Structures are given as structure tokens and as C-alpha cells.
Amino acid sequence: MRSAYRILAIIIAIEVVIQAMMIVFAVAGLGHWVDGGGTLDKAAFESEDLSFTGVAGFMVHGINGMMIIPLLGLALLVVSFFAKVPGGVKLAAIVLGSIVVQVFAGILGHDAPYIGMIHGLNAFVLFSAAVYAARTARTAGVETPTTVAA
Amino acid sequence: MTEYVRAHLRQIVAIAATLVIVVPLAWMWQASRMPGSYSVMDMGYVDAGGGPVSGTGHHGDHAGTISVSDLVADTDRAADVVVELTATQGTVTLASGREVEGFTFNGTSPGPLIEATEGDLLEVRVHNEDVEDGISVHWHGVDVPNAEDGVAGVTQDAIGVGEDHVYRFVVDDPGSYWYHSHQMSHEQVIRGLFGPLVVKPAEPDSRVDVLAVTHTYNGTRTLNGEEGDVLVDASPGQVARVRVVNTDNGAVRVWSNAPYDVLAVDGRDVNEPSEVVGRRVAVPAGGRYDLEVEVPARIQIGGSTAIVLGEDPGPADEPGVDLDMLSYGQPATLPFDPTKPDRIFDYSMGRRPGFVDGKPGMWWSINGHLWPDVPMYLVDEGDVVLFRIENHSGEVHPMHLHGHHAVVISRDGEPATGSPWWVDSVDVENDETVEIAFVADNPGIWMDHCHNLKHAAQGLVAHLMYSGVTDPYRLGGDSGNEPE
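If you're matching them up, the sequences are chains A and B in order.
Residue 48 in our numbering is what sits at position 68 of the first sequence, and the numbering runs on without skipping anything.
In our numbering, each number is its position in the second sequence, counted from 1, plus 2.
Any given hint might turn out to be false.
Said to hold, decoys possible - Covered stretches of chain A, as calculated for chain B (at least 3 residues, CB under 8 angstroms):
no.: 1; stretch: -4 to 8
no.: 2; stretch: 21 to 27
no.: 3; stretch: 53 to 59
no.: 4; stretch: 99 to 113
Simulated from the structure, these hints should not be mistaken for laboratory data.
Quick caveat, the model's predicted, so the values are computed rather than measured.
Idealized CB from N, CA, C, for every residue including glycine.
Model the full assembly from the supplied sequences, consistent with the hints where possible.
Take a look at the structure:
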């Protein structure tokens, strides 16, 4: 269970990195497309086939952020109950909490762009918490090898 | 036993904590899954808006019930205009020459212009040649009898490959409208299964009539299928009526180098329009704005397409401010009293985590509930209805009510002071409240949904239901009907 905890925490940290890469990919692609004469307005943005290099970044960011990462966060919390990682439940709760903040800041940022800054900042909180959780699980594994209770 | 509990306390707590998280989630997941097919009548919960719930209502005796399929135009009357539409699937060549994968009516997209004169009975014979998922045709903005509304699974069954369906309705109100599929609409509309419908006034209009159907195909913005500037031959001094029809999922901004008047919105004339300078109009998804300009003029429709009337006057700078229809034109007496509504409904849109049909995500909510647990707004025929549409979802929603035109009463508490602003499609911005009112004068079961059709497919759909109306059709995977 401890390694499950560690692997989930690592996956969440990697997902945060993917999120950052995807959104910059999308925004850069959009900028490049506009540079080439593309025109963006609400109708274009909502058109299903808006086609520029990087458009997939928006989709991946949305699906990852609103579905996959929250589920990973929940899984980490559940696994933390069994993983016997010192402070593991608390760390998993922090990870999940920052995922919740991240989702809401991401959505609210559509209407209030300054909240987008919180979204960017909180990404580091989430990433650090996930890395710290993974590290704690690994260290715990080294210091106190798992003993099977009779 | 106590020994056992003590020894395994940690595991027991862990299992209990897991169950506390997993069981409600599993239950919510299971509860959200949709049956193979279901009736729209079984969706959600009845919201009577403070009015009576009984099937009989207070406007006389409606003891009997009537089926959606019987709510038709006068069957004895002959059609004044007959149109045939054939839907196909495949490669579409736009007027600009660009080829896209999608759908056509009569081989083109946009489909052919359907023209009729006010008072005509229009008969449209629709044939589905090879659109695999089936089709239907909704007459966006025309307040048709319910059976002709063209919503698969609500007012008819989807028209399968090789099948035919005839729509018959009287067009009473001159103006700009459009038609589009309401089967798998979030895919079929964006990929081309739509066309314009214009109802001419009985008294001929001397203006140059210009159609400007805006649509984004595969990321490319078009006007009537053309790209860039669309040139219209007209002589200086002539007056033109430009009918902007937004068939996309989001608003389009329209502005001009020349002063213009907004003659009509959503097929209803503006009372005493005045000249607009230094303002742009934002045409919501599904909405239509008719603008009057004097030639020569450039009507810019979004950044990349324009209608150029006569000699091109050159680029038009985009004004930074939208024209506010709330105060545009002159007030006029309404045909009903919106201050004494029989029913007041809240349509509050939000966004929250949950499951829709077993899929986890951040979903649109209506009054806090996720689809399909959405309100079924119940009215009696003759009711004056007030809708308070609120948006706290983080994104704009272009709200479209089928079968009725509503008048905008207020926005964020600010009352309308201009011409009666009649709409069938209206943008409700985030953290905004728009109040609209109408008379329930068209019995049936009517969709009331977001016309960002992806949002509708994600569950931002409710219905207006008249008491005493029953629905024989079914929705869902097994029925073949997927209106969104």
C-alpha cells in the first residue's frame, strides 16, 4: 500500500507538470495561429473544430484537471488510510484540498482573470505537496521496513 | 472480540474511512446512470413556480390530456409554400471552395434559404438520405405548434436513413430565423446541418435584403459559406437590411464603419430604433439581429468576415462597447402585464463536481441539481410566466427557449427602458441575472436550454411543460433519439 501511495503521489506530480505543459502548448499555439491571421472570438472558441497546433492542449488540460486529477487525489486519500505513511493522510488531504482549490480557481479564472494567478500559484503548492507525499512514503519505506502483523 | 478490535483498530478505521468516501461516490455514480431509454416527462422534478400543480389548471377545464404529436397546424389548410430538404453526410464544399467533412441540406451548407411571407402555411418535406445518426429539423425562433418543433425524442422520433418527415406550420411573424437539426445537435449543427429561414412582411420592403449567416466550419469563419469579405452589389444611397444569423456556439460581434439601426432582434421589430454610432452589437449563439445601413458600408461580422455593400469604404474599427438593448429604442405597451406573473421560475446555472450518466466531472447545474435531475417548469395555458435566469457557472450561456418569444424585463435589477426587447436566444453572462417574461400561449413540451450546444450535451437543458400535455416519444441510447 505504501508503494501504491508513493506511485499515486508521483503520478499526481507528473500530471501537474503535464497540465503546465499542455496549457502553455495551447496558449502558444493560439498565439501563433492568431499571428498567422486567425481570428478568435467566442464563436470561434466554442467551435468544435477550432484547429491550430496546440488546440488539443486545452482539451487535455480540461479533462485532466476536472476529471482525472481529482479522481487520482481521491484515490490517494483512500490509499493513505492503509499505507501507514507517517503523516500520509494529512499530506493526501492537502493534495486533495489543493486539487479542489485548483479546479475552482481554474473555472473562476474564466470570468475573473486575476484568479488565474491563484491557479498558477496553487499549481506549485499541489506539485510540492504531491512530491513531498511521495518522498515521505519512500523514506518511511526505507526507515521502517514493512512488518507483517501476525 | 475486543482484543480483535484493538489489534486491528487501524485497519477498521481505515476501512470505515474508505467506505465513507467510496460508498457515497459509488451511490452517486450508480444513481446518475441513465436507463436505455426514458421519457422527458420522467426527467427531474416539477417546479410549478408558485402556481397550481394540478393537471386541470385555473384557466377553465382542461380535464382531458393531449399528446405532443396532436399539437399541429390546421390539417385542412393547404400549404402556401412547399420546400423539400434532403440531408446528406460527407464532404461539403462551401461557397468559398473549402472542403470540410460534415452535413448538408440539398447538397449545401448552409442549407437553402427558405422564404415565406407572413401568414403563409409553410410545408417542409424532409428526407434523410444517409445521415447515420438520424436527423430532425428545429425551426429556431419560429413559434411553431409543438409537434413541429423538431426535437428528437421530445416532439418526434429522429428521422432515420431513408425516412421522411413533413413539417407544417404557419409563419405569423416576419423576421429572420434559421433551421437546424435537433438530433445530436452539438455535432450536426457545427458540421453544417442548418440553414436560414426568412419570413417577409406582407407589405413589401424596399430595402436591399442581405443575408449574413455566420458559421465556423472546422475553425474557419464564414458568411453564407464565403470567407473574408462578401461583396454585395448596391448603389450609393440605397438602404439595406442585413440579417445577421449566428449559427455558432458563441456570440459574434458585429460593427460597422457607418451608422446603423437595429431593426429587429430574434424576428421581432425594435420599436423606433435610433441610429447607432460607436457601439457594436453582440449577437448571441442562435440569435438574429437585423441591421439597417446606407450603402456604401462595411458590416464587420467578427474579425475575419464582413458584408461590404457597394464600394468598400475600407476597414472599420471595432468599438470597445456593446450596444445595450436594454435601453435601445422606445418603450411600447406590452401585450400582457409582466408585473403580475402567475408563475415565477428560477433558472440558476452553476457548476459543480458530480456524475452525469456515470461520467465524473465538473458539470453544469440548474438550481443546484445536475442533469437529468433538472426542473420541469410547469405552466397552464394563458399563464404569465416570469423566468429569473441566473448564471454563477463561470461562463456565459446563450439561453434559448423553444416555442415562445419572451420580453427582457431586467438585467441585474436594472429594468428595461428601451423598446420591448423580445428574444428567443439571450446571453446571460457570468454573475448576471436576466429576467424574462412571456405568456404561455403555445401548449406543449418545450426545451429551455443553453445554445452553446456542447453545454446542452453536457446537461444544461431543462423543459417547459404545459399541464395536460403528454409525450409519446422517448429519449436515450436505445430510442435512437439524442436531441443534444
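Right, here's what the structure says about each hint:
1. With 0 residues carrying a beta carbon less than 8 angstroms from a beta carbon of chain B, the stretch -4 to 8 of chain A misses the three-residue requirement, and the given coverage is violated.
2. Given as covered by chain B, the stretch 21 to 27 of chain A passes the check, having 7 residues with a CB less than 8 angstroms from a CB of that chain where 3 are the minimum.
3. Judged by the Cβ-Cβ criterion of 8 angstroms, the stretch 53 to 59 of chain A is covered by chain B as claimed, because 3 of its residues qualify and three suffice.
4. Residues of the stretch 99 to 113 of chain A lying with their CB closer than 8 angstroms to a CB of chain B number 0, which falls below the three-residue condition for coverage.
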